[in-house]
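Asker: Take 1 as the starting number for the sequence shown in the working numbering and just add one per residue.
Simulated from the structure, these hints should not be mistaken for laboratory data. Small disclaimer: the values here were computed from a predicted structure and weren't measured. Heads up, the beta-carbon is just placed ideally off N, CA and C, and yes, glycines get one too. Please note: incorrect hints may appear among the correct ones.
[Claimed, not checked] Here are the simulated DSS-like pairs of lysine-lysine, each with C-alpha atoms no more than 27 Å apart in a straight line:
| no. | residue 1 | residue 2 |
| --- | --- | --- |
| 1 | 137 | 48 |
| 2 | 358 | 48 |
| 3 | 243 | 137 |
| 4 | 293 | 48 |
| 5 | 169 | 179 |
| 6 | 169 | 293 |
[Claimed, not checked] Derived DEER-like restraints, expressed as beta-carbon distance ranges:
| no. | residue 1 | residue 2 | range |
| --- | --- | --- | --- |
| 7 | 307 | 54 | 50 to 56 Å |
| 8 | 375 | 183 | 49 to 55 Å |
| 9 | 298 | 56 | 34 to 40 Å |
| 10 | 375 | 176 | 45 to 51 Å |
| 11 | 228 | 287 | 27 to 33 Å |
| 12 | 247 | 54 | 49 to 55 Å |
| 13 | 360 | 330 | 16 to 22 Å |
| 14 | 129 | 283 | 26 to 32 Å |
| 15 | 54 | 183 | 15 to 21 Å |
| 16 | 247 | 165 | 57 to 63 Å |
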Amino acid sequence: MPTSRKPRTVEPNRSQGVIRFEVPEESLPAEHPARVLWRLLGTLDVSKFLRGARAVQGHAGRPTLSPQMMLTLWTYGISQGVGSAREIARLVQSDDAYRWIAHEVSVSHQALSSFRVGHREALDELMTDILGTLMHKGVLDLALVAQDGMRVRAAATAPSFRREDSLLKCREQAALHLKAVLAQADDPEITRAQHAAREAAARDFQRRVEEAIATVETLQSARRPSEGPARASTTDAEARVMKMADGGFRPAYNVRAATAGSPMGGPRTIVGIQVSNVGSDMDAVVPMLDEIKARTGALPTTLLADANHANHDGIREATDRGVEVLIAVPKRSQKPGPAADNDPAIADWRERMRQPEKLRVYRARASLCELTNAHLRSRRAIQQFLVRGLNKVTCVVLLGAITTNLLNHAASLLA
Numbered sequence: 001m002p003t004s005r006k007p008r009t010v011e012p013n014r015s016q017g018v019i020r021f022e023v024p025e026e027s028l029p030a031e032h033p034a035r036v037l038w039r040l041l042g043t044l045d046v047s048k049f050l051r052g053a054r055a056v057q058g059h060a061g062r063p064t065l066s067p068q069m070m071l072t073l074w075t076y077g078i079s080q081g082v083g084s085a086r087e088i089a090r091l092v093q094s095d096d097a098y099r100w101i102a103h104e105v106s107v108s109h110q111a112l113s114s115f116r117v118g119h120r121e122a123l124d125e126l127m128t129d130i131l132g133t134l135m136h137k138g139v140l141d142l143a144l145v146a147q148d149g150m151r152v153r154a155a156a157t158a159p160s161f162r163r164e165d166s167l168l169k170c171r172e173q174a175a176l177h178l179k180a181v182l183a184q185a186d187d188p189e190i191t192r193a194q195h196a197a198r199e200a201a202a203r204d205f206q207r208r209v210e211e212a213i214a215t216v217e218t219l220q221s222a223r224r225p226s227e228g229p230a231r232a233s234t235t236d237a238e239a240r241v242m243k244m245a246d247g248g249f250r251p252a253y254n255v256r257a258a259t260a261g262s263p264m265g266g267p268r269t270i271v272g273i274q275v276s277n278v279g280s281d282m283d284a285v286v287p288m289l290d291e292i293k294a295r296t297g298a299l300p301t302t303l304l305a306d307a308n309h310a311n312h313d314g315i316r317e318a319t320d321r322g323v324e325v326l327i328a329v330p331k332r333s334q335k336p337g338p339a340a341d342n343d344p345a346i347a348d349w350r351e352r353m354r355q356p357e358k359l360r361v362y363r364a365r366a367s368l369c370e371l372t373n374a375h376l377r378s379r380r381a382i383q384q385f386l387v388r389g390l391n392k393v394t395c396v397v398l399l400g401a402i403t404t405n406l407l408n409h410a411a412s413l414l415a
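All chains should be built: construct the whole structure from the sequences, respecting the hints.
Answerer: So, in structure tokens, the structure goes:
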């Protein structure tokens with residue numbers, strides 16, 4: 001039988017006050033990655049990130065944000081594929097893991113950005129400290145190391161690359177724009193903050209144009225007349241147009257990583273990182289050996305690389321240092337000339353690459369370096385750089401390598 005009575009419902013009453021009690025320490029499980037990274041970074045010396053800090057005990061001034069907290073925010077964000085300072089700052093307000101890391105400390109995206117790109121030397125030292133700890137614990141073995149490079153899209157577009165005559169016109173436009181912005185200083189409709197922001201943007205564009213002009217002049221002086229005029233980007237003067245993995249040409253940086261590990265599996269360790277604006281890897285073997293030596297104090301027993309690294313000078317020097325080089329012989333030099341036949345190091349290298357047992361060792365290259373590079377790109381937020389300049393890009397890559405090594409060796413580092 002139908003009823004005429006009104007249904008009874010429960011409606012949210014947002015005007016009623018609520019008192020909540022929570023224990024932040026209990027908001028995450030014990031083995032959550034954020035907790036693990038916090039404990040890992042707590043075992044390392046991060047005081048180097050406080051160099052130059054102005055706020056000291058007994059004196060007035062805004063205190064410096066905890067380097068352990070900032071590093072944990074970045075490494076946890078990178079482990080989740082987040083590489084944007086704005087996104088991490090947003091997640092600090094909404095995600096339990098990020099809120100646990102920062103707790104009640106206010107962290108802005110400007111502070112996160114400045115921290116990430118403002119400590120190149122400290123990040124270098126932290127990377128070296130982690131590798132040193134792994135060497136001391138007997139976890140890191142340099143018996144087999146593979147290196148490879150990958151091209152990562154820069155924070156610049158193809159139309160931003162201009163020739164010198166076009167850049168000189170941009171210089172005039174930048175000067176006129178700055179003059180117009182300065183003339184608006186007394187405009188009552190523009191606030192002081194808005195004027196400061198506009199002036200900073202105008203001066204930044206002027207600076208980037210001057211950097212592009214200087215870059216074009218340097219590149220042009222090293223070019224042959226048949227190569228045509230040089231170009232540089234008004235967005236990122238240090239970026240270069242490179243051939244990408246898909247065959248296209250785009251502004252990018254070349255990220256080279258050396259990875260140590262076992263062909264039977266187990267954790268991989270990034271033992272060397274280099275960022276360059278040179279698209280070729282032909283001269284990369286010797287600088288990477290220097291990088292590994294500086295970070296670990298030792299050289300690899302065997303070095304694996306693809307045919308793009310087959311530089312005879314590099315192979316010769318690596319052999320002189322006692323490193324067994326297993327580099328694929330490129331098709332263009334399958335038939336060696338008289339000079340190669342008379343060079344013992346090059347002849348030995350070619351002979352090694354014909355031996356079945358050496359070829360079996362060489363097959364481990366893809367699982368070491370290519371897998372690591374793929375993880376840096378897909379899981380460590382290095383699909384495309386959001387910062388400009390070689391120094392800042394290197395900081396981003398170092399943070400990705402540090403995160404990878406920490407997570408791959410968390411159990412050993414905490415043991």
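Asker: Next, verify each hint and record whether it holds.
Answerer: Now the hints, each set against the structure:
| no. | hint | result |
| --- | --- | --- |
| 1 | 137 / 48 | holds (23 Å) |
| 2 | 358 / 48 | violated (43 Å) |
| 3 | 243 / 137 | violated (41 Å) |
| 4 | 293 / 48 | holds (22 Å) |
| 5 | 169 / 179 | holds (16 Å) |
| 6 | 169 / 293 | violated (47 Å) |
| 7 | 307 / 54: 50 to 56 Å | holds (52 Å) |
| 8 | 375 / 183: 49 to 55 Å | holds (52 Å) |
| 9 | 298 / 56: 34 to 40 Å | holds (39 Å) |
| 10 | 375 / 176: 45 to 51 Å | holds (47 Å) |
| 11 | 228 / 287: 27 to 33 Å | holds (29 Å) |
| 12 | 247 / 54: 49 to 55 Å | holds (50 Å) |
| 13 | 360 / 330: 16 to 22 Å | holds (21 Å) |
| 14 | 129 / 283: 26 to 32 Å | holds (29 Å) |
| 15 | 54 / 183: 15 to 21 Å | violated (35 Å) |
| 16 | 247 / 165: 57 to 63 Å | violated (30 Å) |
The structure shown violates the earlier hints numbered 2, 3, 6, 15 and 16.
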